[in-house]
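Below are the chains, spelled out letter by letter.
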Amino acid sequence: MNVLEIKNLTKKFGDFIAVDNMSLTVAEGEIFGFLGANGAGKSTTINMIAGLLRSNDGTISILGKNNAKQSRFAKMNIGMVPQDIAIYEDMTAYENVKFFAGLYGLRGAELNERVVEALEFVGLQDKHKSYPKSFSGGMKRRLNIACAIAHRPKLIIMDEPTVGIDPQSRNYILTSVRKLNEMGCTIIYTSHYMEEVEEICSKIAIIDHGKIIAEGTKEQLKSIITNTKDVWIEVKTTEKVNLAAIQDINGVEAVSVDENFIKINSDTGVNNLNKILEHFMNSHIEIRSLQEKAPNLETVFLTLTGRNLRDQ
Amino acid sequence: MKDILWLIQNTLSVTFRKKKNIVMYLCMPLVGIIIALLAYGGNQGTTLNVGIVNHDNSEITTDTIQFLEGLDNVEISKIAAKDMKDKMTSGKLDTVITFEKGYSDSVLKGQPDHIQLTSIKGAAITGYVKSYLYQFIDNLSTISRAADGNEQTFKQLYSAYQQKDFKLGTHSLENAARSKNMTNQTIGFLIMIMMLSAANMSEIILLEKENRTYFRLLSTPINARKYLLANVIVNMIIMTMQVLITLTVMKTIFHIGLNVSFVDAFFVMLLFSFIAVGLSLLMIAFSNSRSAASALQNLIITPTVMLSGCYWPVEVMPKGLQKIADFLPQRWALDTLTQLQEGQSFSSLYLNYAILFAFAAAFFLIAVYKFSRNNSTQNFV
Numbered sequence: 060m061n062v063l064e065i066k067n068l069t070k071k072f073g074d075f076i077a078v079d080n081m082s083l084t085v086a087e088g089e090i091f092g093f094l095g096a097n098g099a100g101k102s103t104t105i106n107m108i109a110g111l112l113r114s115n116d117g118t119i120s121i122l123g124k125n126n127a128k129q130s131r132f133a134k135m136n137i138g139m140v141p142q143d144i145a146i147y148e149d150m151t152a153y154e155n156v157k158f159f160a161g162l163y164g165l166r167g168a169e170l171n172e173r174v175v176e177a178l179e180f181v182g183l184q185d186k187h188k189s190y191p192k193s194f195s196g197g198m199k200r201r202l203n204i205a206c207a208i209a210h211r212p213k214l215i216i217m218d219e220p221t222v223g224i225d226p227q228s229r230n231y232i233l234t235s236v237r238k239l240n241e242m243g244c245t246i247i248y249t250s251h252y253m254e255e256v257e258e259i260c261s262k263i264a265i266i267d268h269g270k271i272i273a274e275g276t277k278e279q280l281k282s283i284i285t286n287t288k289d290v291w292i293e294v295k296t297t298e299k300v301n302l303a304a305i306q307d308i309n310g311v312e313a314v315s316v317d318e319n320f321i322k323i324n325s326d327t328g329v330n331n332l333n334k335i336l337e338h339f340m341n342s343h344i345e346i347r348s349l350q351e352k353a354p355n356l357e358t359v360f361l362t363l364t365g366r367n368l369r370d371q
Numbered sequence: 093m094k095d096i097l098w099l100i101q102n103t104l105s106v107t108f109r110k111k112k113n114i115v116m117y118l119c120m121p122l123v124g125i126i127i128a129l130l131a132y133g134g135n136q137g138t139t140l141n142v143g144i145v146n147h148d149n150s151e152i153t154t155d156t157i158q159f160l161e162g163l164d165n166v167e168i169s170k171i172a173a174k175d176m177k178d179k180m181t182s183g184k185l186d187t188v189i190t191f192e193k194g195y196s197d198s199v200l201k202g203q204p205d206h207i208q209l210t211s212i213k214g215a216a217i218t219g220y221v222k223s224y225l226y227q228f229i230d231n232l233s234t235i236s237r238a239a240d241g242n243e244q245t246f247k248q249l250y251s252a253y254q255q256k257d258f259k260l261g262t263h264s265l266e267n268a269a270r271s272k273n274m275t276n277q278t279i280g281f282l283i284m285i286m287m288l289s290a291a292n293m294s295e296i297i298l299l300e301k302e303n304r305t306y307f308r309l310l311s312t313p314i315n316a317r318k319y320l321l322a323n324v325i326v327n328m329i330i331m332t333m334q335v336l337i338t339l340t341v342m343k344t345i346f347h348i349g350l351n352v353s354f355v356d357a358f359f360v361m362l363l364f365s366f367i368a369v370g371l372s373l374l375m376i377a378f379s380n381s382r383s384a385a386s387a388l389q390n391l392i393i394t395p396t397v398m399l400s401g402c403y404w405p406v407e408v409m410p411k412g413l414q415k416i417a418d419f420l421p422q423r424w425a426l427d428t429l430t431q432l433q434e435g436q437s438f439s440s441l442y443l444n445y446a447i448l449f450a451f452a453a454a455f456f457l458i459a460v461y462k463f464s465r466n467n468s469t470q471n472f473v
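Quick note, the sequences are listed as chains G and X, same order. Residue numbering for the first sequence follows our numbering, starting at 60 and increasing by one per position. Residue numbering for the second sequence follows our numbering, starting at 93 and increasing by one per position.
Simulated from the structure, these hints should not be mistaken for laboratory data. Incorrect hints may appear among the rest.
Stated by the list, open to error - Listed next, with one range per pair, are the computed distances between beta-carbon atoms: (1) Ala-450/X - Lys-128/G: 58 to 64 Å; (2) Asn-309/G - Asn-303/X: 52 to 58 Å; (3) Met-60/G - Ala-446/X: 54 to 60 Å.
Backbone N, C-alpha and C fix where the C-beta goes; we use that ideal spot for every residue, glycine too.
All chains, full assembly: derive it from the sequences and hints.
In structure tokens, the structure reads:
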């Protein structure tokens, strides 16, 4: 059964087309990753699914029901974890979760039980009487999640849930996402961290300029570029590196910089390593290491969009 | 409806758990009463200093002086004629009564004369003493006329008059002008506090948009209309509490006469609550941040409150400003109350109620229209 079905969805802001005739299905039990640079149309799509924005054209169905016509049903079955932490600083952790859960019609003992369950799930049961202002960024993110899951939604939308938090909290959240999925929730997950998406998502859609340019499992996406390989060259400094010149070398598909690494995606059928190294020698750039890697999701994204996800 | 009640309950609980909000919303309206008491409460009990120059020294003169000494708020001091001018010009005495030789005889003849009242402060000061004094002298003259010039008969009648067990029941009548002034001052201040409170409560909408909870709320079964309605209801609850507390404290604790029935005053102020909430929503609808909303509130609330006569009577302002005040809802609320105080019946003021209602309806409609145009996350994402 499809939890989410999007057909020919379009959203315009004036002349700007944020989402362009997008169609997509998310099946029950999937962790569906949305990958896209800033301005690609991810948030606009998510806002339309959550009922915050109206589309100009197309339909969105949640559990088979059109969410424009049956918005209450759709909202009752969606849990939204917004990118920005949206909690009340003047309410305790318990009160925050209770308030949002109450908006879904929960009351009395059942409400209390669900609030405790949600707080336990995100590991904040000991802090239930504390106010969010005393929380770390990671704890606030976890409370942000608890507020979205207490009503046990079928579909949870997580928009960048790990932005700006410590590795420990990030691991906690990723584990929680897996657990929620095991409990039967379908999850839509967006992140700028490619490795997170690669690690937890069972299906991924790459969005660019409001369109889905590739969709499938990570293996299916990687297979798009099986005729390429990644060469990572670590240099002392990237200041003198001329990316355009490297891009012009025969067989080079894409080039990007990640800290001190020059990441080159190149055609496996072209033997151009000598020419690449020659460019570095001629430019007097000191090479520290060189690795040849199989393509990962980042390479796929870079190849398909021509943009590095994290540099946007 | 259940979710609206849930929102209302939560907003009220979060609002009133903060002490500063309790002070702001429930105690501040009472400050108006204190200000009114300070402004008008000292008007009572002014003592009148009266100097007596006695050239007559008769029994009737002595009795007249004793009568004057018995008056409330009158301080009698016997002075010599030569000191009269100095004591009055220095302000030690407000007025001087001179009993000239022959005063007693003239009273006995039934034609009172030989008495002079001197003051440099005019009728406002002498009027009070004059009215009591003349009444006393008139009584004596009447007795004298009844005795028909017979001194013996006069003494008998006068003695009987003095010993007559008159029962003078005294009732303190409220000074209506004073209590009206106090009521207007208090209601004027209440209007200002209501407008500020409404603006503060409506500002929660912008606060929620800025900290993103608004969008999270809209992703739940709550929609923008329900959210707005909940905010308006919370606002109205607070306004109603402010009006009830202020009117009750005025009436039962400070005993300030409203000069209008409690229910009528409550109705007028309740009507004004809708205006305050409508205007606050209008200001929020035209602001895209809390700082912009605050600036707009300062620009609108304070000047209109001043112009409409909430701080001082509108009559003291130039005619041009009074005409501007006619276009302000606060003026109409105060005018309605004033007319009720002046004895107009509640039902005869339907035009005033219609105008107040029209102000509220106009503000709400424009605000809702503007909100519907703003109803996109684009402005805040």
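Hint-by-hint comparison with the structure:
1. Distance hint check for Ala-450/X and Lys-128/G: the Cβ-Cβ separation is about 38 Å, which falls outside the suggested range of 58 to 64 Å.
2. Distance hint for Asn-309/G and Asn-303/X: a CB-CB separation of about 53 Å, consistent with the stated range 52 to 58 Å.
3. At roughly 58 Å, the beta-carbon separation of Met-60/G and Ala-446/X lies within the given 54 to 60 Å, and the hint holds.
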